[in-house]
Structures are given as C-alpha cells and as structure tokens.
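Enquirer: For the protein sequence lines, the chains are A and B, in the order given.
Quick note on numbering: the first sequence equals residues 1 to 261 in the working numbering.
Quick note on numbering: the second sequence equals residues 262 to 640 in the working numbering.
There may be inaccurate statements among the hints.
What the hints assert, rightly or not - Subject to a maximum C-alpha distance of 27 Å in a straight line, what follows is the list of computed DSS-like cross-link-like pairs (lysine-lysine):
hint, chain 1, residue 1, chain 2, residue 2
1, B, Lys530, B, Lys482
2, A, Lys201, B, Lys318
3, B, Lys571, A, Lys21
4, A, Lys198, B, Lys310
5, A, Lys198, B, Lys305
6, B, Lys538, A, Lys21
7, A, Lys17, B, Lys305
8, A, Lys49, B, Lys530
9, A, Lys201, B, Lys437
10, B, Lys631, A, Lys17
11, B, Lys449, B, Lys461
12, B, Lys571, B, Lys530
13, A, Lys198, B, Lys308
14, B, Lys283, A, Lys49
15, B, Lys308, A, Lys17
16, A, Lys147, B, Lys308
Hint data in this document are derived by calculation from the structure and do not stem from the laboratory.
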Amino acid sequence: MNIVVCIKQVPDTNEVKIDPKTGRLIREGVPSIINPDDKAGLEAALRLKDSQGAHVTAVSMGPPQADTALREALAMGADEAVLITDRAFGGADTWATAHTLAAALKTIPYDLIITGRQAIDGDTAQVGPQIAENLHIPNISYAEELKVEGEYVTVKRQFEDRYHILRAKMPCLITALSELNEPRYMTPQGIFDAYREKQVKTLTRKDLDVKDGDIGLKGSPTRVIQTFTKSPKAAGTLVNNLTSEEAAEYLLDKMKEKFII
Amino acid sequence: MDFTLSKEQEMARTLFRDFAEKEVKPYAQELDEEERFPSEALEKLRKYKFMGIPYPKEWGGAGCDNLTYTICIEEISKVCATTSTMLSAHESLGTWPIYKFGTQQQKEKYLKKLCTGEYLGAFALTEPNAGTDSSAQQTRAVPEGDHYVLNGSKIFITNGGYADTYIVFAMTDKSKGNHGISAFIVEKNFPGFTFGKKEKKMGIRGSATRELIFENCIVPKENLLGQEGKGFPIAMMTLDGGRIGIAAQALGIAEGALNETIKYVKERKQFGRPLAKFQNTKFEIADMATKIQAAQYLTYRAAIAKDTQKSCSLEAAMAKLYCASTAMDVTTRCVQLHGGYGYTREYPVERMMRDAKITEIYEGTSEVQKMVISKYALK
C-alpha cells in the first residue's frame, strides 16, 4: 500500500505573539513545526506501515526551508520525501495550493492520501477536500479513527454532536484531526539518516502538469483585504430551569431591552 | 573555530529538549522526593533508541557522534539530573569500554544489547579504600581453569542492582600496582555476585548508587576485557569520556536552574516591581549566562575532541572542572535569587543545587581534574 501524507511547515502558534499596534504576527524567532493535524496524519500512516506494511511518502509545498519539516518526517519513519517548491507557486490560496498539490500527487503512486484537517496558521480546512476534488477521488474529512481493510478505509468522522462511521474504497483522501493519535518522537538515528542517507526529492513548476492560471498568486481567487485581532467578548449569561414559554418570554424581554425588536 | 552545530545536531537538540520536557520533567521532583529509580524514563529512552547514541549502527547504536550524545545529556540534565546520571553511566561508562576494547565475540554478546538498551550498563572501579587512589584496589581476580574467581567489593556504583552488565576492575597481580589491574564484564546473575546497601544521597537521589559484593564470583575467561594487567588504562580512558558526560550534566543543571530563575525573576515582585528590574538581578543573570556559555564551549570542544583526536583527556578534564564549579556557583546564586522560596522544595532550584554538588565529586573530583590539567601544563 502506498500512503502519501501532505504536511505543511507552520510557525508554532503557541510561540507566536501579535504586535498590538499592527495586529500582525511577529514571526521573528518563532520556531517552525509540522502542522499538528498533519503530524497526526503522518503518525496514522506510520502506524499502518508498522501494522500492515506500507510505503509512506511525505509531501510538502513550501519555500526551501520546508526541507526541515520533510527531514523530520523522514526521521519519524517516512520512506520518502518530496518538496514542491518554486517561486511560481508563491502567494497561493487554497485553490491554487490544491491544484499544485494535486498535480504533484499525479506523479506519485498512492492508494491513500492523508492530509491534516487544517493548518494552524490559516485554519481553512479546505486544501484536503480540494485535492480530492482535483484528483476525482472520495474524501472523508475530520478522521478521529482510521482503519484499513483490504481495499477499504473505515473512518470515524468527528461531527458537531456525534460521529459518523464512513467507509470508502481506495484510492481516497482522509483529513486527520490531531486527536487521531499522539505522534511518535523522531529517533536520533532517524535524524542522522534523514540528513546523511536519505534525499528530499524536489518538484518545481516544470515538473507539474498544471495550468498557469491555477497556481501561485495569479491562480488564487482569494484576496485578503485586512487581517485583525478579534476584540475579546464579554462572558455570556446562562439562564437555567425555564420552561419553553418562560425562555421565549425572557428572550423577548432581553431583545426589547436592547432595542433589537 | 566554528561552533555551529550541523542541521542534524540542531534537529537532535530539538528532539532531546522536547523529549526531556514531556517525558522526563514531569517525574523529576517525584523521583527526588521518593528516591525512586527513573524507570518510566528508561522505558522511553529504550523505545526511542537513546541508549546507544554515539555508537555505530552495526552494533545497534544510533550512528550519531559524541557531540550529539553530549547535547542529549545536557538537555535531559536541564530538567532531571537523576535521569541523566543513569543514561550517562550506561553510555559513557558501561558501554564504551566494550565498544573500544571488546573482542568481536564480546561485542556480539554484550555491545548490541547495551546499544539497543535491552541491557543497562554500569562501571565499577571505586572501592571503600580505593577512591581517587585506584591502584589500592583490593578486589582480586584469580584464574582457575576456564574462569576467574572474584572476591571483594565495590561501592558507589551507579545503576547498581538495575544494570545487567558491570565493567568490574580487579587485581590480577597485586605486586604490580596499577599494572596488576584487569577489567572484566560481569553479568548481574553470575554466581557469587550480590548487591549491598543502596546509598542515601544529598542529590541525584533517584539514581541507584549501590555496593557490589563478590564472594567467589565465577567470571568466564572470555569475559576478561582487554588483556590481563591492562585494566588501569581502560579505566582511565573510559573516565576521560565519562567526564565529558558529567561536564554536559553539570552544564545542563546550570542551564536548567538559570531558566527557572529567569522565569521567577520576571514574575516575582518586591517593592512594586519584578525582581528582573533590579540591577543586582540583571548583573547576576548576566554573570551566570556568560559562565554557562563558556562552560558549553568547553564541553562541546571536549566532545569534538573525543570524536576526532586520539586523546581527549585534557579537554575533558578542563570541561568537567569548569562545568562542575559553574553548576555549583550558578545553582547557589539561583537559590539566592529565589530567596526563601528557593530554599523550599516548591521550586526546582533547591533540588538542582543539591544535584550540582555531585558533579564536583564523581568520575574524578575537581582536584583530580586539576592533577590531570597541571600534568599537561607543566610538561
């Protein structure tokens, strides 16, 4: 079984501070990490490798520094690593990113693709499902548990107030939640091998069959107008033990009080 | 001179720091209070293959270098010196002599298991009447047929009772002094080998420090390490390497104490402002940070020397001497900056100050390091 895991290198948001004047992230001196949901996806792939055998390839799209995230994936136990990097891919939104990643994935054999649910620096949760759409394969998002039997993947999908058990025939794409597992540590030997014995393969613009209009800043329909820090909201009021009628009356009173109605 | 770490060494440091914070730190206070062996950490150190960091892969090691191993000891010591004592005694003292002096057969039988962590290692040189003066060894090994018979005792042996193999030094020819000492690989369950009392210590209280007792202990001849009468140079060369581990430990303790203190002086307020705003605090912090940086360079220099030079004796002695005194000085000043709280067990600096003291004593006292250094200086 070939498993491809898409990982993103992100600033560790636990360490990020926001400049109170400009409202922007202070990225200086902030360590870069593998996005936590993606790391859980990688761990899920490595556990499948341990239990039933699989060839695990870690893929990342990003600047050359993303090499570090891929070496970390190799040090955890991934068999191969591919870095998709080119100035032409810069400034991509989720549409362009998914097109680029899908084009790269067409050059790599896969039965199962695992991505994280969302990246902690963007929080869109769009790229995984968009890759699946581009590749015309089924997608199950928000995986809390994951099982592979024969050609099928069974996933426990987290939902707001319940969970769903879904089954899909491979090839398919799963988006993983960090709750899926506790990722393993790298090993010292894994780190040395990752740098001294393994390669990170690089794919650039010319290696991918994708339209110019679907990549980079030009291929990104999203325009960011403004970013800002949300002002904190006051604590709400909890009103308990009311009948439905009393509750409706209470709400009406409150709305009148605030001149909403 | 370039002190930049390679990418793999940098990534290894990130791993060791993360591991220490999550897997070692939560137990540190408890291990000290209860004088309990760091079994939880040992299990994880085995699982993540930290037990043979500087040894080649063909022997089950991680195939890294001594600098990387040194960084591992440093990072673990920042949070728990008990755990790093166990690891350092295993890798530097219990494993290295077999790697360096063992026969192919001894390596097959013991080195692989030590490097993978299946076995825990220990090293036994000190005796009740032979500390710094190791030529006064009284443990004797007498050849008899296909084995040696060992009689005597060793004290202050780290990992004693928990280790599976012990590098034991004994006199095969008393008349020759140092030239009459031989080294042996002794398994825990060899007949006639038992354990005496476990020491109650000031610091590194979770580390097991025990007496070893040999009463007609039968050691097969194939377990002689190196040649008969060549035990003393084996012991000294092993200790040269071990001292780099202790330097790294002392360095880590000092760094850990400073980290805790920086956190404290930013939060603790007196006279209406944080302690960090007072000039005395700033000067103390600056002094400590500078000493720590110097200690780190000496330690890394010694680790590189072990990887690249025939002997690292001088570098190791200087690193250990300076790091141990830095650890003692820094932890004492950190307790002082914490004031009354620093004297309580509520804050880790109290434990760190107690842990620091041993680094001036074991694997050669600071005075022994000065003997080594002056020997080179006065040559």
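Enquirer: Failing hints, ascending?
Expert: 1, 3, 7, 8, 9, 10, 12, 15
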